[in-house]
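Enquirer: In terms of numbering that gives the first Met the number 0, the sequence shown opens at residue 0 and continues consecutively.
I should point out that these hints are in silico values taken from the structure, not numbers from a laboratory.
Among the clues, some could well be false.
[To be verified] Here are the computed lysine to aspartate or glutamate pairs in the DMTMM-like style, where the Cα-Cα straight-line distance is at most 20 Å:
hint: 1; residue 1: Lys-111; residue 2: Glu-22
hint: 2; residue 1: Lys-111; residue 2: Asp-92
hint: 3; residue 1: Lys-111; residue 2: Asp-99
hint: 4; residue 1: Lys-96; residue 2: Asp-108
[Stated by the list, open to error] Here are the in silico distance ranges between beta carbons for each label pair:
hint: 5; residue 1: Asp-79; residue 2: Pro-7; range: 15 to 23 Å
hint: 6; residue 1: Asn-119; residue 2: Arg-13; range: 28 to 36 Å
hint: 7; residue 1: Glu-22; residue 2: Pro-97; range: 13 to 21 Å
hint: 8; residue 1: Pro-82; residue 2: Val-120; range: 16 to 24 Å
hint: 9; residue 1: Gln-40; residue 2: Arg-113; range: 16 to 24 Å
hint: 10; residue 1: Glu-101; residue 2: Asp-8; range: 31 to 39 Å
hint: 11; residue 1: Val-120; residue 2: Tyr-78; range: 29 to 37 Å
hint: 12; residue 1: Cys-33; residue 2: Val-10; range: 14 to 22 Å
C-beta atoms are modelled at their ideal positions from N, C-alpha and C, and glycine is treated no differently.
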Amino acid sequence: MRVLLVEPDTVSRRLICSMLEYESDVTLACADDCRLVSSVQEFAPDLVILDVHTPAIRLAESWGALGVKAPPATIVTAYDPAPLSAFASVATDILVKPFDAERFQTALDMAKSRTILCRNVGADERPSAPEVSSCKD
Numbered sequence: 000m001r002v003l004l005v006e007p008d009t010v011s012r013r014l015i016c017s018m019l020e021y022e023s024d025v026t027l028a029c030a031d032d033c034r035l036v037s038s039v040q041e042f043a044p045d046l047v048i049l050d051v052h053t054p055a056i057r058l059a060e061s062w063g064a065l066g067v068k069a070p071p072a073t074i075v076t077a078y079d080p081a082p083l084s085a086f087a088s089v090a091t092d093i094l095v096k097p098f099d100a101e102r103f104q105t106a107l108d109m110a111k112s113r114t115i116l117c118r119n120v121g122a123d124e125r126p127s128a129p130e131v132s133s134c135k136d
């Protein structure tokens with residue numbers, strides 16, 4: 000499973016990366032969302048885990064730019080998740096910080112199930128993802 004992680008906070012990024020360490024083939028960490036669209040296009044992730052640290056309008060514009068190629072997302076936030084309802088169509092889950100490993104695993108399992116389902120119906124015809132790992136930065 001290819002996971003793109005967009006988390007600006009170093010501590011949170013390291014924590015999430017440690018939870019993903021044995022779960023996915025590729026994990027890419029980005030410090031902010033300025034490269035969200037190009038990273039999704041380049042690495043074709045099965046799941047994007049992103050912290051909603053930017054104004055929702057900027058995030059909506061970025062996600063909208065991906066169109067039908069937008070992968071499912073697990074949204075991470077330290078704030079009230081109610082304003083994030085606009086992302087219900089792409090969000091497999093919304094995690095409110097702080098969350099524990101069990102809650103994270105539940106969200107990841109839901110995303111994996113969705114990925115497996117898509118592959119079984121032939122919706123996964125992407126090239127192999129490059130080997131990338133920058134979680135420890």
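Enquirer: Taking the hints in turn, state whether each one holds.
Expert: Results for each hint:
| no. | hint | in the structure |
| --- | --- | --- |
| 1 | Lys-111 <-> Glu-22 | holds (10 Å) |
| 2 | Lys-111 <-> Asp-92 | holds (12 Å) |
| 3 | Lys-111 <-> Asp-99 | holds (18 Å) |
| 4 | Lys-96 <-> Asp-108 | holds (18 Å) |
| 5 | Asp-79 <-> Pro-7: 15 to 23 Å | holds (19 Å) |
| 6 | Asn-119 <-> Arg-13: 28 to 36 Å | holds (34 Å) |
| 7 | Glu-22 <-> Pro-97: 13 to 21 Å | holds (20 Å) |
| 8 | Pro-82 <-> Val-120: 16 to 24 Å | violated (32 Å) |
| 9 | Gln-40 <-> Arg-113: 16 to 24 Å | holds (20 Å) |
| 10 | Glu-101 <-> Asp-8: 31 to 39 Å | violated (21 Å) |
| 11 | Val-120 <-> Tyr-78: 29 to 37 Å | holds (35 Å) |
| 12 | Cys-33 <-> Val-10: 14 to 22 Å | holds (20 Å) |
Of the numbered hints given earlier, the model fails hints 8 and 10; all others are met.
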